[in-house]
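Sequences listed follow chains G and Z, in order.
Quick note: to get this note's numbering, add 592 to the position in the first sequence (first position is 1).
Quick note: to get this note's numbering, add 592 to the position in the second sequence (first position is 1).
Treat the hints with care, as some may be off.
Since the list gives no way to pick one copy over another, a pair counts as held whenever it fits inside one copy or between any two copies.
Straight-line Cα separation of at most 25 Å, SDA-like style, residue types lysine to any residue; simulated pairs [to be verified]:
1) 815 / 730
2) 815 / 856
3) 664 / 867
4) 815 / 890
5) 843 / 874
6) 843 / 867
7) 690 / 753
8) 760 / 772
9) 870 / 810
10) 870 / 679
11) 815 / 769
12) 690 / 888
13) 815 / 854
14) 664 / 739
15) 760 / 606
16) 690 / 852
17) 815 / 648
18) 843 / 858
19) 690 / 660
20) 626 / 734
Worth flagging that the hints you see were computed from the coordinates, not collected in a lab.
Residue strings, one per chain:
There are 2 protein chains.
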Amino acid sequence: MAREKPSLQQPMFERIALIGLGLMGSSISLGVRKHKLAGHIAGHARSADTRAIVEELGLVDSVHACAAEAVKDADLVVLCAPVGVLGEITQSISGHLKNGSIVTDVGSVKASIIRDVAPHIPDGVHFIPGHPIAGTEQSGPRSGFADLFENRWCILTPQSDDPTAVEKLTAFWTALGSNVEVMDAEHHDLTLAITSHIPHLIAYNIVGTAADLETVTQSEVIKYSAGGFRDFTRIAASDPVMWRDVFLNNKDAVLEILGRFTEDLSALQRAIRWGDGKALFDLFERTREIRRQIIDAGQETPDPDFGRHKSDGD
Amino acid sequence: MAREKPSLQQPMFERIALIGLGLMGSSISLGVRKHKLAGHIAGHARSADTRAIVEELGLVDSVHACAAEAVKDADLVVLCAPVGVLGEITQSISGHLKNGSIVTDVGSVKASIIRDVAPHIPDGVHFIPGHPIAGTEQSGPRSGFADLFENRWCILTPQSDDPTAVEKLTAFWTALGSNVEVMDAEHHDLTLAITSHIPHLIAYNIVGTAADLETVTQSEVIKYSAGGFRDFTRIAASDPVMWRDVFLNNKDAVLEILGRFTEDLSALQRAIRWGDGKALFDLFERTREIRRQIIDAGQETPDPDFGRHKSDGD
Numbered sequence: 593m594a595r596e597k598p599s600l601q602q603p604m605f606e607r608i609a610l611i612g613l614g615l616m617g618s619s620i621s622l623g624v625r626k627h628k629l630a631g632h633i634a635g636h637a638r639s640a641d642t643r644a645i646v647e648e649l650g651l652v653d654s655v656h657a658c659a660a661e662a663v664k665d666a667d668l669v670v671l672c673a674p675v676g677v678l679g680e681i682t683q684s685i686s687g688h689l690k691n692g693s694i695v696t697d698v699g700s701v702k703a704s705i706i707r708d709v710a711p712h713i714p715d716g717v718h719f720i721p722g723h724p725i726a727g728t729e730q731s732g733p734r735s736g737f738a739d740l741f742e743n744r745w746c747i748l749t750p751q752s753d754d755p756t757a758v759e760k761l762t763a764f765w766t767a768l769g770s771n772v773e774v775m776d777a778e779h780h781d782l783t784l785a786i787t788s789h790i791p792h793l794i795a796y797n798i799v800g801t802a803a804d805l806e807t808v809t810q811s812e813v814i815k816y817s818a819g820g821f822r823d824f825t826r827i828a829a830s831d832p833v834m835w836r837d838v839f840l841n842n843k844d845a846v847l848e849i850l851g852r853f854t855e856d857l858s859a860l861q862r863a864i865r866w867g868d869g870k871a872l873f874d875l876f877e878r879t880r881e882i883r884r885q886i887i888d889a890g891q892e893t894p895d896p897d898f899g900r901h902k903s904d905g906d
Numbered sequence: 593m594a595r596e597k598p599s600l601q602q603p604m605f606e607r608i609a610l611i612g613l614g615l616m617g618s619s620i621s622l623g624v625r626k627h628k629l630a631g632h633i634a635g636h637a638r639s640a641d642t643r644a645i646v647e648e649l650g651l652v653d654s655v656h657a658c659a660a661e662a663v664k665d666a667d668l669v670v671l672c673a674p675v676g677v678l679g680e681i682t683q684s685i686s687g688h689l690k691n692g693s694i695v696t697d698v699g700s701v702k703a704s705i706i707r708d709v710a711p712h713i714p715d716g717v718h719f720i721p722g723h724p725i726a727g728t729e730q731s732g733p734r735s736g737f738a739d740l741f742e743n744r745w746c747i748l749t750p751q752s753d754d755p756t757a758v759e760k761l762t763a764f765w766t767a768l769g770s771n772v773e774v775m776d777a778e779h780h781d782l783t784l785a786i787t788s789h790i791p792h793l794i795a796y797n798i799v800g801t802a803a804d805l806e807t808v809t810q811s812e813v814i815k816y817s818a819g820g821f822r823d824f825t826r827i828a829a830s831d832p833v834m835w836r837d838v839f840l841n842n843k844d845a846v847l848e849i850l851g852r853f854t855e856d857l858s859a860l861q862r863a864i865r866w867g868d869g870k871a872l873f874d875l876f877e878r879t880r881e882i883r884r885q886i887i888d889a890g891q892e893t894p895d896p897d898f899g900r901h902k903s904d905g906d
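Isolated chain G, as found in the complex:
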């Protein structure tokens, strides 16, 4: 398919609207600027404090208290607010979306977002939910950085059957440094339940358990956290609202994987109780191999002085 080569003056999108300006929204804005992907970046944040910080940092070209105003004339609308409010937001912008525009999001669950958002997408607007598998435990507009999506995967679960729109959004994420994969929403939710949601849940859980012990003081837990616990606290410092919404909106997949996890943990508990060293060794040997594959796949940057900054194994 022959396509026009864009002139040097012409960015990928005339106008991009970012609805929500936390870690994700601010990182997209910085990435879009770095790679010159938009003529104008409009941003909306519900909180006046956030809008003030965004103005101060000059994060976007125009800041709007009203989401409907931000999306006016936008070719690409990226919903970057917590999963739980996306339906309501889409309803409020619905009548203001440009014909032929693309609406996407960055939410960590997909089926529930489609359930909440799709009914409010007008005909002629392409709804292509997305999920960049990238982030940090930081949140808010000050935490963004342009390279957040470099060498990360972005999953799209298109609800539009317009191949041009999907290609355009794919090109957008590719320009931000990501590899794009298309899959259905249900499979996304199950995959992320194991690679992201359950890891967060058990990290939150163990930090809670540690805080509530009477036999070991909280100051001891903090003092000796370098033995492994510390790494869990980093994950358990992630945004509470975002993660509450993830668990409320990916209930079935999370409960299914959690069932497997606790079943396996019971077997491990039994192996410890009965002194079954072979069962323990076999598992510990097997899990090592998966680590090697993640490093081989380039999903972990080997850190030159990792011994200092990273976890202390025992």
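We have chain G; now place chain Z onto it with these hints.
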């Protein structure tokens, strides 16, 4: 108490023997050299391959196939082998330990080591079990580095009532950069169960669960591991023999804390099933505070470009 000031020529110990030359033994050797704490470092490794690497790297001053030979004339003997073999090793060196010398170890459990090792310590030798809360997921003689113990805690659980010996070992760890704390072995084992052993157990467990799913392929798990899972695989890449021995030798404390963990996880599971957003939010908010305290306590080095190297939150 007035003490002689050591001359510049006189190191803290005439001869140190390191029994086992993996991550811990090699790091101690490099640290001892860096800070000039010994006149001679003798090393023992059971495996001929390890001894060959140690010779090649010049990690110690003399390499011994026989542990009894290594400890001859040593003022300080550091047992750096896996917890499960320390009793047997101590039996083999027992008759060769110098009168007035100090025997210590670096094992991650303490009560079982005291049970296994203490009976073989002759009168006139000071047994002061120790545990530096430091390490990485790497193992073997090539993984050591001199600064491993810098700004980390080292716990001593003395079995000798000679204050001079305890002071001397405290000075040794302080010279390697550590802060030293004295506590009883049972409290150590319970504290480490929550700050280290259970975190490792659940990391091993979730990596095993992920590997065994039929609905999500292993290549998908690896591809999308940046969502949180990746960080668990690093911990689950720790040495399998060492960790098998930890769980076999700290059974009671591990099972006790694990009981708390699964109880709390059941409550969380129930909150998800019933859509109790407030319970989820309250926990996620509370765990964030503990993270802040760990950073304040200097037990995590804030990484200038952490967004790139560290975990991706969602």
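To see whether the hints hold, each was checked on the structure:
1. 815 / 730: Close inside one copy (23 Å) and across copies (23 Å); limit 25 Å.
2. 815 / 856: Between copies only: 23 Å across, 30 Å inside.
3. 664 / 867: Neither, since 66 Å and 35 Å both go past 25 Å.
4. 815 / 890: For residue 815 and residue 890, the Cα distance is within 25 Å only across copies (9 Å; inside one copy 33 Å).
5. 843 / 874: between (32 Å within a copy, 18 Å between copies)
6. 843 / 867: between (35 Å within a copy, 8 Å between copies)
7. 690 / 753: within (18 Å within a copy, 81 Å between copies)
8. 760 / 772: within (12 Å within a copy, 59 Å between copies)
9. 870 / 810: Answer is between; shortest inter-copy Cα gap is 24 Å, intra-copy 34 Å.
10. 870 / 679: The answer is between: 20 Å across copies meets 25 Å, while 51 Å in one copy does not.
11. 815 / 769: between (39 Å within a copy, 15 Å between copies)
12. 690 / 888: neither (43 Å within a copy, 49 Å between copies)
13. 815 / 854: between (29 Å within a copy, 24 Å between copies)
14. 664 / 739: Result: close neither inside a copy nor across copies, 28 Å intra and 57 Å inter.
15. 760 / 606: For residue 760 and residue 606, the Cα distance is within 25 Å only inside one copy (13 Å; across copies 71 Å).
16. 690 / 852: neither (45 Å within a copy, 54 Å between copies)
17. 815 / 648: neither (38 Å within a copy, 37 Å between copies)
18. 843 / 858: For residue 843 and residue 858, the Cα distance is within 25 Å both inside one copy (22 Å) and across copies (14 Å).
19. 690 / 660: within (11 Å within a copy, 82 Å between copies)
20. 626 / 734: Intra 17 Å, inter 41 Å, cutoff 25 Å: intra-copy only.
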